[in-house]
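> So the chains spell out like this:
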Amino acid sequence: MKQSDPDIAGKSGAGSLPRVGVAVWGGLLALLIAAFLLELSLGSVLLPLRAVVSILLGNENAPEGWRQIVLLFRLPRAVTAMLAGSALSISGLKMQTLFRNPLADPFVLGISAGSSLGVAMVIMAAGGLGWGLFFEKSGITGNVSLILAATMGAVAVLMIVLGVASKVENNLSLLIVGLMFGYISGSLVNILMQFTREHQMQSYIAWTFGSFGGVTWKQMSTFAPTVMAGLTLAWILAKPLNAFLLGEGYARSMGVNVRYARFWIVLGSSLLAGTVTAYCGPIGFIGIAVPHLSRLVLKTSDHHVLVPAVILLGAALALVADLISQVPGTRIVLPLNAVTALIGAPVVIGMILRRRQMMES
Amino acid sequence: MNFHFVFSNFWGFQAMAENARSTRLPRAGFRAVLGAAILVVASIFSSEHLTRAAEIQIQAAESMQPVKSANIRYAKGFSLEYDGDFKVLKVLSPWRDAKTTFTYILAPRGQKVTCMPPNAMVIEIPVRRMAASTSSCLPFLPMLHVEQTLVGFAGCKLVSTPEIALMIRQNQIAEIGSGGGMKISLNMEQLYAIQPEMVMVYGTGLPEYDHHPKLIEAGFKTVIFASYMEPTPLGRSEWIKFLAAFFDREAEAEEIFDEIAKRYEEQAAKVRDVAARPSVFCAAPYRGVMYVPGGKSYVARLIEDAGAGYLWADDTTSASSPLSVEHVIDRAKDADYWLDPDASRAMIELAGVDERFSVFKAFRTGQVYNNDAKVGPDGGNDFWETGEAKPDLILKDLISIFHPELLPSYRRTWYRQLPQHIEGER
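Chains A and B, in that order, are what the protein sequence lines are.
Just so we're aligned: the first sequence equals residues 983 to 1343 in our numbering.
Just so we're aligned: the second sequence equals residues 29 to 454 in our numbering.
It is worth saying that the hints were derived from the structure and are not from the lab.
Honestly, I wouldn't trust all of these hints.
Computed cross-link-like contacts, DSSO-like style, restricted to lysine-lysine with a CA-CA straight-line distance of at most 30 Å [claimed, not checked]:
1. Lys361/B - Lys1200/A
2. Lys1200/A - Lys389/B
3. Lys249/B - Lys361/B
The following label-pair restraints were derived from C-beta to C-beta distances [stated by the list, open to error]:
4. Gln445/B - Ile1158/A: 46 to 56 Å
5. Ala347/B - Met1210/A: 35 to 45 Å
6. Leu1053/A - Ala347/B: 31 to 41 Å
7. Gly1168/A - Gln445/B: 37 to 47 Å
Covered stretches of chain A (in silico footprint by chain B; criterion: 3 or more residues with CB under 8 Å from a CB of chain B, positions within the stretch not fixed) [claimed, not checked]:
8. 1022 to 1030
9. 1183 to 1193
10. 1221 to 1232
Treat the numbers as computed from the prediction; the structure is a model and nothing was measured.
Glycine is no exception: its CB is placed at the ideal position from the N, C-alpha and C atoms.
Bound-form chain A, shown alone:
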């Protein structure tokens, strides 16, 4: 079966190879490292790169304000951006493969819709429903309560989707169920918004803007392992994912237990999407764009190659997007979600046009 993988991969680019040159991997790594260092040194306050490195190496003599900015704010933000970027991209890759649809993204199964509803209920229903009060009494407030609510919302949707996944025969039904959840949750959020006040609405809207800046070191201890687990699962699933590329029938003929594989793909993908949404808000576009970019750069559809490439590229692009949203040198911050699409969409369009020209010539 291993032998047939390159043939599957051959679908997108004629004569592509599963093994990719050292130059491409080196380039991806260099991009990631450069973006990481820039993220740490650029921001409202511009710090010299040398100072940043010495702070990272544990220099206690650096100005206290700089150390606080780098160690308490920029470093967790950079790590969060990398993890979230990888997670969303991998999740998107798996969804695109599973549904054989280039428009699929991490949220196609309604995971972020579930999270949004959970968050909206905590933020906006403080007066009406018992939810907010429940959290308040348990001593869970602020950001932690949002994370918890988003997770609960995502898990609830995930349960339903997994239940459906184990019942229905084809993937399309699953897709439609996910979409319907998006609509249901969207309407419930709208109803809540109708009865909410200004600052609660602002809290909710700020959450939907997305941000890598809210994750503290304390929260990182749950965020990072969860994402790591999800990424590892994706690596393990590379083989059945390759089989799915040519459809369920083909996968079945290859000896893949379709329902079983689908269950794990959905679970892994939702785990990643749900975790990122809980900690960073619903961050769009990265999850749909990075798999496409990776396929274009690497000219392959083999998941054994794509999974690590998507992880690297996802991490690097998330860092770049965050860097731009911080508008280095100014005191303002742009909504992250606006930036991801604003820089991502033209890149994807450009790449697709270039590929077409190449194929035509």
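Since the structure of chain A is already known, use the hints to place chain B on it.
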């Protein structure tokens, strides 16, 4: 076309252009051409009308006694002139970056208005029945003893002015809002039922929030109350004179306002030459950014007048901006006081938003104050309702925070130091 013509009578060019634009925007092609044609025809009508009206006005002005302006000392957003029996009330900046103004001709009941500026609205006074969708005007009503004229309000649950709240409990005031919060929409049927002679609203310039276009179209005499646009505390409270004009209570308003201004200036004088001016910042955190009021904002002015130094005093804007947390830390980490941390009601709640706020000295020393001491059971904050009408009390609150020795045993009205934990049930 008829509709456009009528509309232009009320609004003049500005509104008409806006109207035409909104007709054109959604659908291109044929409708765009039609819209443009309507615009051209209507502007011909309207410009004729304008010239004619201007002529009449000039003739009329020559025959009458000279126009007298009301004494407005701090407010920049409205003007009031007396032209014979009529008052000409203008709202000069109805919302931020507004390109339009509003003119109201206040005419004694039954008097025919012979000359009319082209975009003015005639309102018969004294007004006997009014409705409102802005709480900023509420505290002024009892001060002028005209609260009984209020027959409808949008958002009754949030009202804290005692006299008005009592009337609401006695079912004398109809709820004219539906939904809630920022996107409150007006219940037009209820408005038709209570037949107000005037509806007082606020404007934002954003069609999705503004009520006045629909109200005017429906034939209600709609007045924009834009006190929130004033950057100074006394400018905001001077809007009592704006409201008073509709009830012929200008003399009372003058007296009340002079008293407020005198008390405010007295308090400010106490701290004008104070030796130590503590450093203060205001910041409402929202995930990765903090909303910080500009250096020319209302709250910045209050802080400066209360004998403290506002850390963004060099900023030239009056609105709040979303600033990066880094920038705020860079400037405010050693500040003495942190004001208005938005919805946080206790230090533990603020720490829950982001435990890293401990880099702020004010956070570590517990010098965090919020203006939420008087929040009603449904979340209406009296600071935003009554505060504008009583700036001297806000100033006293702030002075007692920054210079407690000057106001010993003073009990603050709206500001309170955030307690460590949330106190019981609200």
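> Next step is simple, just say for each hint if it's right about the structure.
Hints, verified against the model:
1. Lys361/B - Lys1200/A: holds (22 Å)
2. Lys1200/A - Lys389/B: holds (21 Å)
3. Lys249/B - Lys361/B: Judged against 30 Å, a Cα distance of about 50 Å means the pair is violated.
4. Gln445/B - Ile1158/A: 46 to 56 Å: holds (54 Å)
5. Ala347/B - Met1210/A: 35 to 45 Å: holds (43 Å)
6. Leu1053/A - Ala347/B: 31 to 41 Å: holds (33 Å)
7. Gly1168/A - Gln445/B: 37 to 47 Å: holds (41 Å)
8. 1022 to 1030: holds (count 3)
9. 1183 to 1193: holds (count 7)
10. 1221 to 1232: violated (count 0)
Against the hints set out earlier in the document, violations occur for numbers 3, 10.
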